[in-house]
Amino acid sequence: MAAPAGTRRLPPAVVEIGVLFGFAVDTGIAAWRSITRGRFAWRECVGQMWFLAGVCTVPAILVMIPFGVVVAVEVGSLTGQIGAQSYSGAVVALLIVGQAAPLVCAVMIAGVGGSAMCADLGARNIREEVDALEVMGISTLERLVVPRIVAAVLITMLLDSLVMAIGIGASFAFQVLVQDVTAGSFLGTMTDFAHLSDFILSQVKAAAFAVLAAGVCCFKGLTAKGGPAGVGNAVNEAVVLAFFLVFLANVGIGEVYALGSGP
Amino acid sequence: MIKMLAETGRQFTFYVKVIAAVPRSLVRYWRHIVRLIAEVSFGSATLLAGGGTIGVVFAMSFVSGSQIGLEGFRGLDLVSLSPLSGSMSALVNTRELAPIVAGLTLAAKVGTGFTAQLGAMRISEEIDALDAMSIRSLPFLVTTRMIAAFFTVIPLYLVGLFASYVATRLVVVDLNGQSGGNYDYYFSLVLPPQDVLFSLLKALVLAMVVTMVHCYYGYTATGGPEGVGRAAGRALRTSIVLIMIVDVLLTFAFWGIHQELPGTGGGR
Chain P
1 MAAPAGTRRL
11 PPAVVEIGVL
21 FGFAVDTGIA
31 AWRSITRGRF
41 AWRECVGQMW
51 FLAGVCTVPA
61 ILVMIPFGVV
71 VAVEVGSLTG
81 QIGAQSYSGA
91 VVALLIVGQA
101 APLVCAVMIA
111 GVGGSAMCAD
121 LGARNIREEV
131 DALEVMGIST
141 LERLVVPRIV
151 AAVLITMLLD
161 SLVMAIGIGA
171 SFAFQVLVQD
181 VTAGSFLGTM
191 TDFAHLSDFI
201 LSQVKAAAFA
211 VLAAGVCCFK
221 GLTAKGGPAG
231 VGNAVNEAVV
241 LAFFLVFLAN
251 VGIGEVYALG
261 SGP
Chain H
264 MIKMLAETGR
274 QFTFYVKVIA
284 AVPRSLVRYW
294 RHIVRLIAEV
304 SFGSATLLAG
314 GGTIGVVFAM
324 SFVSGSQIGL
334 EGFRGLDLVS
344 LSPLSGSMSA
354 LVNTRELAPI
364 VAGLTLAAKV
374 GTGFTAQLGA
384 MRISEEIDAL
394 DAMSIRSLPF
404 LVTTRMIAAF
414 FTVIPLYLVG
424 LFASYVATRL
434 VVVDLNGQSG
444 GNYDYYFSLV
454 LPPQDVLFSL
464 LKALVLAMVV
474 TMVHCYYGYT
484 ATGGPEGVGR
494 AAGRALRTSI
504 VLIMIVDVLL
514 TFAFWGIHQE
524 LPGTGGGR
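Quick mapping for you: the protein sequence lines, in order, are chains P and H. Per this note's numbering, the very first residue in the first sequence carries number 1; after that it's consecutive. Per this note's numbering, the very first residue in the second sequence carries number 264; after that it's consecutive.
Just so you know, these hints were derived from the structure itself, not from any lab. Hints are not guaranteed to be accurate.
Residues from chain H shown here face chain P by an in silico Cβ test under 7 Å; the list is partial [claimed, not checked]:
1. R273
2. A371
3. A383
4. G443
5. T485
6. R493
7. V504
8. I508
Take a look, some chain P residues computed to stay more than 12 Å from chain H by CB distance [claimed, not checked]:
9. S34
10. A41
11. G113
12. E237
Virtual Cβ for every residue (Gly too), placed ideally from N, Cα, C.
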């Protein structure tokens with residue numbers, strides 16, 4: 001996993017990007033191989049899913065309730081000002097389903113689940129357990145990385161649906177109870193304007209974010225070196241990089257969808 | 264349940280102690296604070312996460328600002344209200360998006376860094392060594408970091424806010440062909456100067472919360488190299504939840520529950 005020889009002269013950031021890209025390709029190949037040869041590590045995957053669901057669900061709900069209220073306040077003030085209050089249901093639904101829910105899930109998976117994964121793999125790397133696996137002829141990518149990424153994807157997609165429901169519920173309750181929007185018009189415009197394709201886009205986004213976040217966190221964990229401070233730094237870099245990639249991917253996927261669906 | 268309450272109590276007393284130690288740190292350890300400010304803002308340029316916090320804040324705000332531009336313009340264009348995208352940028356970027364993104368970035372970059380540093384110090388018993396030398400570790404390590412983050416966040420946040428304004432304008436005016444004058448008119452109509460001040464205040468409060476939470480988890484880390492990483496994860500979980508809750512409370516405090524857009528003549 002170290003930088004290949006002969007790359008000393010390049011700036012470290014360039015080498016890092018190259019190594020990360022190589023890691024992504026290797027992981028893709030390992031995933032394909034472990035599934036086609038029937039040795040996908042189910043046990044590890046289920047264990048990771050259980051762990052991720054345990055640590056991410058409650059914080060995601062706690063984040064989404066205030067987020068739903070913020071969205072309701074801002075949307076309510078904007079639509080109220082131009083006399084389109086009955087449309088706030090549609091705006092809230094589109095915002096939460098399309099943007100907020102996948103982003104909140106990604107932040108949770110990267111920040112909470114990913115940092116724990118990174119710490120776990122980093123500690124194993126420092127204790128040379130990873131090297132021991134390789135010596136025994138067990139591929140670390142197939143055994144450790146692929147099940148983690150698959151678990152992250154599945155849990156993020158499930159979490160996305162849950163968070164969506166919570167967010168829309170919070171917005172609905174706030175608008176109806178505090179901002180005096182009629183419940184019927186909120187629900188009516190919401191069901192009129194929200195399509196199934198928005199939900200599918202949201203799930204695709206959540207899956208893509210999970211791949212990015214879990215992949216980066218595993219990569220940083222497997223390349224950690226140098227004692228407790230090294231693991232801490234690896235987690236730090238992993239989280240920053242994962243957040244940034246997720247935000248960037250959000251713009252990219254949104255644009256592709258917009259171009260594909262026409263004006 | 265009792266354990267959770269005890270943990271909350273421990274955290275709370277820790278925060279009170281940190282804040283109470285502010286004068287002592289300012290007088291005794293100001294050199295340390297100056298060094299930390301330099302370290303936090305420009306960073307020790309480590310690989311991709313490097314470029315210092317200022318680069319990360321700029322990049323994150325720019326990306327999320329352009330997302331607001333894209334989505335908001337599309338949404339407003341559907342109901343033929345695209346000229347209002349200027350006011351949308353002034354409203355959403357200033358009041359919610361820029362502070363939240365700055366808070367998240369600080370938590371990820373600065374906060375986790377603090378947890379890693381303090382956690383490593385705790386694991387290698389450096390903090391115990393400080394205490395044994397009768398240097399009070401809390402003012403020396405934690406309060407100095409909080410003060411440093413407090414001073415750093417002012418220019419950092421303004422750079423982030425600027426980046427999100429620029430990104431939204433770039434997307435709406437240059438990419439989607441909205442007229443620039445129209446955009447600027449509605450932008451400045453809805454942006455009274457005190458809103459920027461409130462928004463900065465919001466970011467300051469978020470920065471304080473984030474640094475204190477992350478320092479707490481680093482300061483109390485246990486259990487070898489893995490313990491440091493786990494502490495970072497737990498700290499991020501707490502700080503992300505607190506960022507959102509504090510943000511919504513501050514929104515209500517500054518702008519009220521029934522918000523009015525300034526400059527559009529009365530409200531409800």
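Query - Hint check, failures only - result: 1, 4, 5, 11, 12
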